[in-house]
Each structure stands twice: as C-alpha cells, then as structure tokens.
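So the protein sequences, as listed, match chains V and R. For the first sequence, the residue numbers in this note's numbering are 1 to 370. For the second sequence, the residue numbers in this note's numbering are 371 to 693.
Just so you know, these hints were derived from the structure itself, not from any lab. Predicted model, so just to flag it, every value in this text is computed and none were measured. One or more of the hints may lead you astray.
Stretch-level coverage of chain V by chain R, calculated; a stretch enters the list once three of its residues show a Cβ under 8 Å from a Cβ in chain R [claimed, not checked]:
(1) 110-118
(2) 294-301
Counterexamples of contact, computed for chain R against chain V with all Cβ distances above 10 Å [to be verified]:
(3) D429
(4) Y433
(5) D439
(6) R453
(7) A461
(8) E554
(9) A584
Think of the CB as a built atom: it goes at the ideal place given N, C-alpha and C, for glycine as much as any other residue.
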Amino acid sequence: MTTTEPKYDHLVTKKQVIVTCGTGGVGKTTIAASTAIAAAKAGRRAVVITIDPAKRLADTLGIDQLGNTPTIIEGPWPGTLGAMMLNSKATFDHVVEQHATTQDQLEQILNNRFYINVSSELPGTQDYMATEKLYQLHTCGQWDLVVVDTPPTRDALAFLEAPKVLTRLLNNTIYKMLVSPRPLVLRTVSRAAGLVVRRLSRVVGAEVVDDAIEFFQTFQGMEEGFKQRSAAALTLLTSEDSAFVLVASPRSDTIAEARYFLSRLDEASLTVAGVVVNRVLAALSASAADAADISRHLQDTPLAAAAQALTDHVKAAAGDDNRIEQLMVYAPNATLIKIPLMATDVHDLTKLSHLAELLTSNSPEETTDT
Amino acid sequence: MDPGELFAWSRVLIVAGKGGVGKTATSAALALAAAQTGRIVLLVEVAGRFDATPMFGVDPQAYDPQGYDEQSIYHAPGGGEIRRRSITPDAALTDWLESHGFNRLIRRMAKSGILEIVATATPGIKDLLVLGKIKHLETSGAADVIVVDTPAAGHALHFLKAPLAVRQAVRSGVLRQQATETLEMLGDEQRCQALLVTIAEETPISELIETAFAVEDEVGLALGPVIVNGVLPNIAGLSETKLNGKTTASAALHPQQVNDLSTATKFRQERTILQNQQLNFLAQRLPLPRVYLPALFTSSIGLTELQTLADAFQQSIRQQASQ
Chain V
1 MTTTEPKYDH LVTKKQVIVT CGTGGVGKTT IAASTAIAAA KAGRRAVVIT
51 IDPAKRLADT LGIDQLGNTP TIIEGPWPGT LGAMMLNSKA TFDHVVEQHA
101 TTQDQLEQIL NNRFYINVSS ELPGTQDYMA TEKLYQLHTC GQWDLVVVDT
151 PPTRDALAFL EAPKVLTRLL NNTIYKMLVS PRPLVLRTVS RAAGLVVRRL
201 SRVVGAEVVD DAIEFFQTFQ GMEEGFKQRS AAALTLLTSE DSAFVLVASP
251 RSDTIAEARY FLSRLDEASL TVAGVVVNRV LAALSASAAD AADISRHLQD
301 TPLAAAAQAL TDHVKAAAGD DNRIEQLMVY APNATLIKIP LMATDVHDLT
351 KLSHLAELLT SNSPEETTDT
Chain R
371 MDPGELFAWS RVLIVAGKGG VGKTATSAAL ALAAAQTGRI VLLVEVAGRF
421 DATPMFGVDP QAYDPQGYDE QSIYHAPGGG EIRRRSITPD AALTDWLESH
471 GFNRLIRRMA KSGILEIVAT ATPGIKDLLV LGKIKHLETS GAADVIVVDT
521 PAAGHALHFL KAPLAVRQAV RSGVLRQQAT ETLEMLGDEQ RCQALLVTIA
571 EETPISELIE TAFAVEDEVG LALGPVIVNG VLPNIAGLSE TKLNGKTTAS
621 AALHPQQVND LSTATKFRQE RTILQNQQLN FLAQRLPLPR VYLPALFTSS
671 IGLTELQTLA DAFQQSIRQQ ASQ
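With the rest of the complex left out, here is chain R (with noise of 0.2 Å):
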C-alpha cells in the first residue's frame, strides 16, 4: 500500500494504546506523514493535556492544550497542513447539550450538578459525544484526515465501547440516534481505522493483542497495521561482540572506557533479545500488519524527530506493499 493510500482509505484515524508507548508522539508522526501527501489533517487531541502540539514546534504558553477551537499548527510545502483541536468530554456534552436546545441552562446545570447525574445515568455518553462530534467533523468534511490521540488504554477500549453502552441503556431519543450513526462510522472500514501502538515489551504487547481482539469483535472497528514505538535498531556485529581481555587489549582503551563499553553492550544485546522475542510473540498471535518505528535515542520530540518517525511510517508501508 503506499502511504497515500492509507491516508485516502479512511478519513478517520484512531490511535490507541496504553499510557507509556508513545501514542501521542505516533498520532503525531501520522499526521506528519499525511500532511506531507498534501493533506489537510486535524490532530483531535482526547485527554486535553500534555498533547502533541509542542512537538511542531509550537510555545506550550501559546496555545490551549484544551482549545476547542482549530489551530493551524504546521504547513507542509506540498500544501498540506495539521490543524489542532482538543475534545474533551466535558467540552463535548456541553457542545451537545447547547446543540439541543440546553444552551441557556447550561450554566445552571454545570452549577447544580445535573450535568454528573446525566452523565452518570447515561454510562458512556460523555466518551460517546466525543465520538460523535468526531463523525460529525468527518461527515462534514472539516479536514482530509482526522487523526485521535485516545486515552490511554484499558480506557481506549472503554472509550471505543461507549456507543454501545449508551445504546443498551437508552431506548429511543435523539442520544440513541447518535450512538447508532457514530457505531455506522466505526464499523465502515472506509470511513475509520483503528492503529494501535506499543513497545515490544510484554505488559504492553499483551495489553495490545487482547485490545486489538476486543476492538474488531465488540466494537467491529478495522484496525490498520499495528504501530511498534522504540524498536532498536539492528547493530551489525553486536550479537557476537565480546568484551574481554583478548577483545580489549589491542583496541588500547582505558579501563573505564572498556566498562563503559562492556555496560552498553551487554544491556543493548539484552535488551534486543527481550524485543525479538516479543515481536515474534505479537507476529505469532495477530495477523495484522506490523509498522516499526525507530527508538529515537532522545528524550524530548521535536519537529526532527517526528520527520525521521513520519519517513519511517512510509517506508514500513511501502515495503510491505513490495512484499
């Protein structure tokens, strides 16, 4: 598939996956990546904090981690552009509440706290009218690619069931039309996918699998190739490296160079079996296509860094479209 097709294939993009592998970092590669084909991309932010946006450069004092307001935040030279919004669930029932006729008592009932009770009488509507108002944005055709950075997981799942839920629990009404118009848009392959991210370590790996399961059978939502953040990259020669006194003694080093190459070493020749071994596993038990993305060696993400995942992102799909 080339990366193009990808991004022409389904308008929406939900990327999930448990708090730690880099989702918000991968959300926003992929927005990179299709802002570079001449896209036009909004970057829906969930969580409202700590959000993408400062990786494109932007002053975290600038902008509104919880704006709900689009915010231009990046132009590619082909003409493509990342715009950003945040859609957080509170702001999404408010936003539905006034588009119902709610508008003027709004204020009176965030202040009684009626608004708690809706919400909890009706399990999922706040997650649901997230949704809804990101199928609202795709019907309405308010950008080329929408990309979702969701909650963290156990809670993606939560997050991604939440029409169903309101769909059990309310029999008619307006509500229940929306659940069932945002499950129509999670369940057509060519208007939303799923990608899940993780690391190739085992708690996140088998978090992923059983997500990925839950996902396509409860929800019936596509999921695009699995998304694998920090794989560390082959090093030519480190599997037989030994550093001992015959292997030391004529590259003339001093003793705490030869510790310090010894430490290196043997914690990357670990470490790179531990991954090994859980790619297999993730190969072995979910027959979707695997994109891997290279651990960066830096702590913080800026617009570098996003180019080299980005690139990485289009050349893993073009090969497996080769294959």
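Isolated chain V (complex conformation) (with noise of 0.2 Å):
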C-alpha cells in the first residue's frame, strides 16, 4: 500500500503541472528550474515558466526578456528541457488575439489605454498571464510537466485569484452601465454609479474615464471566452494533475510567512504536495554547550578561529530544526525536501542538476509493500 506521502520523485515523475509559490529571496526559481530539470532526468518533456529570474539563472537557461515561448536547454538529460521567461503583455494580447471576433476589435483593444494598463500594470496580470501560459504549455501536447515559478508574494492565493481579477471587473454593475448605449444620467438604477463616473472624470481626468468605457464597450463579445479559459485553468491547478510546492528558508520571518500561506492555500482547499525548505545550514552534532566546551578546550591554540567558526554555525542552525516541525504542522501530508545552504550561488546548469538531485533523493523512503 502507498502512504498518502507523495516523494518529490513522485511529483516530479507524475503530475503535469507543478506551481513552486513562497515568498521572495529563498531561492523559488532555483527550485523550480531544478524540479524541471529533475523530471527531464526521469525521462520526461519538461517546461519551466519562470517570473522574474536573476540574470545569472536566465543566461544559464538561456532565456532573454523577449522570448515568449519556451528555450530548449540541451543537457546530459534522457528528457527534454524547456525555459522561458513570462512576458505578461504579449501573453495578454495572445489571448485577446485568440477571442477577438474581428480585426477591427482585435486593433481597437490593443491600442487601447485602459487595456494596456491592464495587460501591464493590473495587480496581478501577471499571476493571471502565468497561470494563461501555463494552460497553453499544458494543452499544446509538447510538454509532460509545466513547471509554473509564481511572482513573488504575501498572499498564496493572488495566482489563483487573479484570473478573477478581470472577470469581477467584468462582471460588475458598472461595467454593465458603461456599455449600456443609453446615456448614463438616464439610466436609473445606476445614477449613483453615473455620479461616481463625472466626478472621477473630475479627478483623473476625463481622458482616463473615456479609455475605461472605449476599452468595456469594444471587449463585449469577448467576455465569455475569458471566462471560459480561466475557468479551465482553475479547474486544471486544482485537480489532481496539479501539485503546490512551497518554498522556504528556515529562518523564523519566512517561516512564518511560509506558515500563512500554508493555512491560506488550506482555507482554498488546497493541499501542498511538498515543501522544499532552502539554505538549511548542515546539521552539526555539537550543541551549544558542546560548542563552548570546545572553545574553552581549544582556547589559545591554532584551532580556536575553527572553535569560533563551530560556535558560530551551532548558533545560527540552533532551532531550525523546531521551526521546520512547525512548519509542517501546517503541511501534514506533504514531502519535505531541506536544501543545504551552499558555498556558492546555484546559477549553472551543473549546479542546477545537482540540486534536482538533492530534491529528489533527499525525499523520505516511501512506505509501500511494493
């Protein structure tokens, strides 16, 4: 019989889509390019859809800011391995393209102003665009695994809520009156609403308001189909093919970040599949008495600077331990994955293939009765 304990091998060799979410600076986008490049070690087609990468990470999967479509990164890999760099505004305009009924509609929307603010600076258009990407990548038959890296955030749940960002927009009474032929003032149900637009204009300009109505009445027609493929995405991430893994460092502040999203992702009805605590300092046998004792022994000889490098790291590792048990209080089921702090920064592909190794060796022995 199986433990309900998923090993990361088993994320990684089974699920066809995996969302790496935490909060930023505890290496999220390392992670995800190794998860991906650990599936392509296992034999499989595997894409990873990275945000913000560092510079270093890009040139190394050989991604450029420009490039909306995955980079195949040759390796001494038996799989294939896909990178690419979400470019949220021509993800948005690819998907207005698709749902366009005509040109005339098509070119209206994209020179619009207020859509251009939308497909570039709405909070969370680029949760919305990952999530549109990684339905496309998922669907388009070339790949097994879509490795999804979400921007960093405070809220677990913004990736998943964003694509309702735009239908709450368009679902909302004034939208509804905007697009209304009638004059705004005529339509009662909705003076407030009217009243609310003319002072706006006042305040933003009337420019700003004109966009927003241009932009609401030449989308009609189009609604559906968004609506549509968000929903599909949604369905697609919370079924069984998808996989959360969050990613955190064990010092108490991300803990505790970690903790929130864990109990968020948890009022969502979402499970974490696995956790991968990152820059786990290696576990030393000495205590902090045991340390103290050895600096007092080797006080005044060659060794005491190697005494004081001992003390240091017993102190800096003491209660990470406790702190992952915490952690995981909140993550039951899921694998936890710790990833020792290197020396080095992890930037090239050798590196990158080491840590798919740490990830999915270090993962708990599953047991079954095979």
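From these two lone chains plus the hints, build me the complex, please.
Put into structure tokens, the structure is as follows:
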C-alpha cells in the first residue's frame, strides 16, 4: 500500500503541473528550474516558466526578456528541458487575439490605453498571465510537465485569484452601465454610479474615464471566452494533475510567512504536496554547550579560529529543526525536502542539476510493500 | 557624518531591497538608532503584514499589522520615540478618495468594483497615494524622521516610479498635482533619501546595483549609504586554519568534534571568500558609502539584536565620517 505521502520523485514523474510558491529571496526560481531538470532526468518533457529570474540564472537557461516561448536547453538528460521567461503583455495580447471576433475589435483593444494598463499594470496581471501560459503549454501537447514559478507575493492565493480580477471587472454593475448604449444619466439604476463616473472624470481626468468606457464597450462579446479560459485553468490547477510546492527558508520570519501561505492554501482546500526548505545550514552533532566546551578546550591553540566558526554555526542553526517541524504541522501530508545552504550561488547547469538530484534523492522513503 | 546628521538631513528615509535581505529588520534598526538620538520616529509599513513591530517586543496579537493609525511601540531613554503605522495601497486610495469628496460613495464604489477600475485606469495610482500620504506626513511634521519599509524589490522600483507613471497618464486635475508634489519630495535630498539594503550574495547585489542606477536616473531620488546585512565578522586566523591529522592530533578531540569543526570551518571559509568577492564587486560598481551590519547568527530578532544592528549602523557612519 502506498502512503499518502508523495515523494518529490513522485511529483516530478507523475504530475503535469507543479506550481512553486513562497515569498521572495528563498530561491523559488532556482527550485522551480531544478524541479524541471529532475523531470527531464526522469525522461519527461518538462518546461519551466519563470517570472523574474536573476540575470545569471536567465543566462544559464538561455532565456531573454523578449522571448515568450520556451527555449530548449541541451543537457545530459534523456528527456527534454524547456525554459521561458513570462512576458505578461505578449501573453495577454495573444489571448485577446484568440478571442477577438473581428480584426477591428482586436486592433481597437490592443491600442486602447485602458487595455495597455490592464495588460501590464493591473495587480495580478502577472499571476493571471502565468496561469494562462501554463494552461497553453499544458494543452499544446509538447510537454509532460509544466513547472510554474509564481511571482513573489505575500498571499499564496494571489496566483489563483488573479484570473478572477478581470472576471470581476467584467461582472460589475459599473461595467454593465458603461457598455450600455443609453446615456449614463438616464439610467435610474446607475444614477449613483453615473455620479461617481462624472466625479472621477474631474479627479483623474476625462480621458482616463473615456478610455475605460471604450475598452469595456469594445470588449463586448469576448467575456465568455475569457471566463471559460479562466475556469479551465482553475480546474486544472485544483485537479489531481497539479501539485503545489512551497519554498521557504528556515529563518523565523520566512517560516512565519510560509505558515501563513499554508493556512491560506488550506482555506482554499488546496493541498501542498511538497515543502522545500532551502538554505538550511548543515546540521552538526555539537550542541551550543558542546561548542562552548570545545571553544574553551581550544582556547589559545591554532584551532581557536575553527572553534569560533563552530560556535557561530551552531548558534545560527539552532532552532532550525524546531521551526521546520512547526511549519510541517500546517502541511501534514507534504513531503519535506531540506536543501543545504550552498557555499556558492546556484546558477550554472551543473549546480542546478545537482540540486535536482538533492530534491529527488532527499525525499523520505515511501513506506510501501511494493 | 555623525549618525544624527543623517537623520537631520532628510526627514524621509525609504528603505528598499529584494525579499530576504532583512529590509524590515534594517528599517527597525534605523528607527531605533534615530529614536536614540532623541527623535520622534515614524516607522511606516507599506506591505501590511509581517512588519517590524514584534521586534520591539510588541505582542503580535496586540496590534493590527494593517493598522492605519499611529501606535507608539518604543520609548528611548532620552525622550526619543518610535511610532508605527501601516499605509497599504488600498487604505491610501480610500483615504484619498474620502478626502476628495467621495466619502459617502466609497462603500458603494468598493462593492461595485469601481475602485478596481479607477486603479486600473490609472497605473501607479495606489502606490502614488501611499507616497503622497508619506509626503503629507512629511510636510505636516508628523515626526522628526519617517522610516519607510517598502515592498520587496523589482517592486520597489515600481513603487518609487509610481508618481512618474501617474504624471504620464493624467494630464490635469488634483491627481496630477499630487504626483508632481510627490516627485518634488522624492527629488529633494534634503527631504528624502533611499537606503538600499542587500546581503553579500550575488543575486541581491546585482539587483541592488540595477535598482540604484534606476532610482537615481529615473526618479531622481538621492541615495544614502548602501546597507549590507548579515556580514560575517572576520575571525582572526580562520583563513589559514586547516584541520588535518597534524593540527588535530595534539588537541585531543573526538572524531565527531573534529568533524563538526571541519564542516563549520570549511563552510565559513567558503562563505567568507564569496562574501568578500561580492563586497568588492559592489564597491567597484557602485560609488556609494557602505554600511556593514554584522550577521547575528540568530534566527529571530528582538530588541537586543536590533540594538546590535543600530550600534553597528552608528559606528559605521561615524567611521566613514572620520575617513
């Protein structure tokens, strides 16, 4: 019998979508890239979508800002590895293209200033387009696994809620009023709203409001397509084929944020299949008291400096295990992977590949009776 | 420069950096250092969650991280004080609309989603209004020093460029006026400067350098010293230390102890080399004074740790003055 505990191996070989989430500065992008490499090593066709990778990582993966399609990365693996950097604007334009009913409608939307703001500035657009891109890559048939690195955020659900932002805009009463052909002021239902619009014009400028009205009027007829697409992406993300992996570091502040992430995911009935705690200091056998003993013992010897290094190390690592344990209380069914803090930054393919091995070999043994 | 001078020079100190570099702890330590020069400090949290307040010993249950009202959280012996408040983008937008005659309609607007339309129609409006609120606090003399803990980078630049974005989108009206006034504050080094925070690792340092040039060139914001967090103190003799049969034989250690010593030593040596490479790179690429704050080797930060950081900050500023 297989336990409910999914090993990281299992995620990498069986899942079709893996979403890495967590706060910034914990190595989320690196973990996402290594996860895709692990899948390529297992013979799968895996692609990683990164949002804002560090320059050297982007160089290693051969992705530049302009490309919005995966680049194939050659390496010593039987499978295929692809990587891309998300271009939200280009992705959004593509979606509009697909749903536009006429060429006129398409051009009018692409040139509308409100649309330009929506497609590049709307909070959550990046998240929204990441789900769109993942859905595209998932359905195009070229990939067995799509790994998505989410934008750094303090809210785990921003990624899932992003598609709803536009749907909410499209569903609201002001929108319905704006697209009505009748003059605003004559509609009794929306008199207050009309008042708001006129006041807004005075505050933010009439052209801004005009742009918005034009956008919503032009957008008519495309809402259904957008809504269906969002719904399909959400269904995929919440299905058995998808897995969420939380990336954290053992520092108490990131653990607190990670715990908040987990509780938010739990509220949305989403389960986290893996927790990767990155940047963990090597566990030593010495306790703080042992380190103090050794320091005293080595005082005024050539090894006094080593004893100081040991004391600092033990102090810094103290409590890590405890905090990680507390974190796992919030994700009882997830696989825990600890990745040691490397002496150097992980940017080249050899190091990423090594990290991929750590991810998959580090998993606790499955208690199966094969 | 005397640390007091830094705090007297600009009233607003914007602390910015990538996630995970200890920006919040740095903001708190700066606030502490300023309060200990007898000043009234306002610590402004923009992101609205996991802020510095508990570091001052305030029970996390006893305050609202998104609280818009000022709350006193620390009193220094010499009369200085730290107050905290949060200015989230949503709160700033609501506050601003209320003060521009939308008060009765706010709830209806929020419900109907028009706030989202306003925010979408005008890119940068929410961030501008956060900065605008800070400008308002600055001009009204709400505190001697205002320390702003910004959202994580990439984002930080986005945040600081918001007034520019709004000026481009809005050609007239009160909002444009707000953008213009906010830009004036950001561009005046006697009113405002940015302190960029990093750790001595490759990715955060390269991002900091990019941010630094962008902030100066595009926003015209003056840059104060760069703050490097978590700097490993030098251990005399460590770089030459080798653990082998010869050096450990006379020390009468258990094999396990030798193992621990060896792991810790090797790791510290490697990290130190990496750190020094990165610090050199930073020094070459960015002609700004640097403040090094020591690694604390603790995972949680309280008043004791903040004091260590505040002291290191003051000492570092003084040292640079004497150079």
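Practice task
Quick one: see if chain R covers the stretch 110-118 of chain V, three-plus residues with Cβ-Cβ under 8 Å.
Solution key: Holds, because 4 residues of the stretch 110-118 of chain V bring their Cβ atoms closer than 8 Å to Cβ atoms of chain R.
Practice task
Evaluate the condition: distance from the CB of R:A461 to the nearest CB of chain V exceeds 10 Å.
Solution key: holds, 15 Å
Exercise for the section: Hey, is R:A584 genuinely clear of chain V, shortest beta carbon separation above 10 Å? Expected result: Nearest chain V Cβ is 14 Å from R:A584, so the label holds.
Problem - Cβ separation check - R:E554 to all of chain V, threshold 10 Å - result: holds, 20 Å
Exercise for the section: Measuring Cβ to Cβ, find out whether R:D429 lies farther than 10 Å from everything in chain V. Expected result: holds, 14 Å
Handout entry: Verdict on chain R covering the stretch 294-301 of chain V, where coverage means 3 or more residues with a C-beta closer than 8 Å
Key = holds (count 4)
Problem - Minimum Cβ-Cβ distance from R:Y433 to chain V exceeds 10 Å - result: holds, 15 Å
Exercise for the section: Over 10 Å to the closest beta carbon of chain V is the bar; see if R:D439 clears it. Expected result: Holds: least Cβ distance 22 Å, greater than 10 Å.
Handout entry: R:R453 non-interfacial with respect to chain V [C-beta, more than 10 Å]
Key = R:R453 is indeed farther than 10 Å from all Cβ atoms of chain V, at 22 Å.
No hint from the list above goes unmet by this structure.
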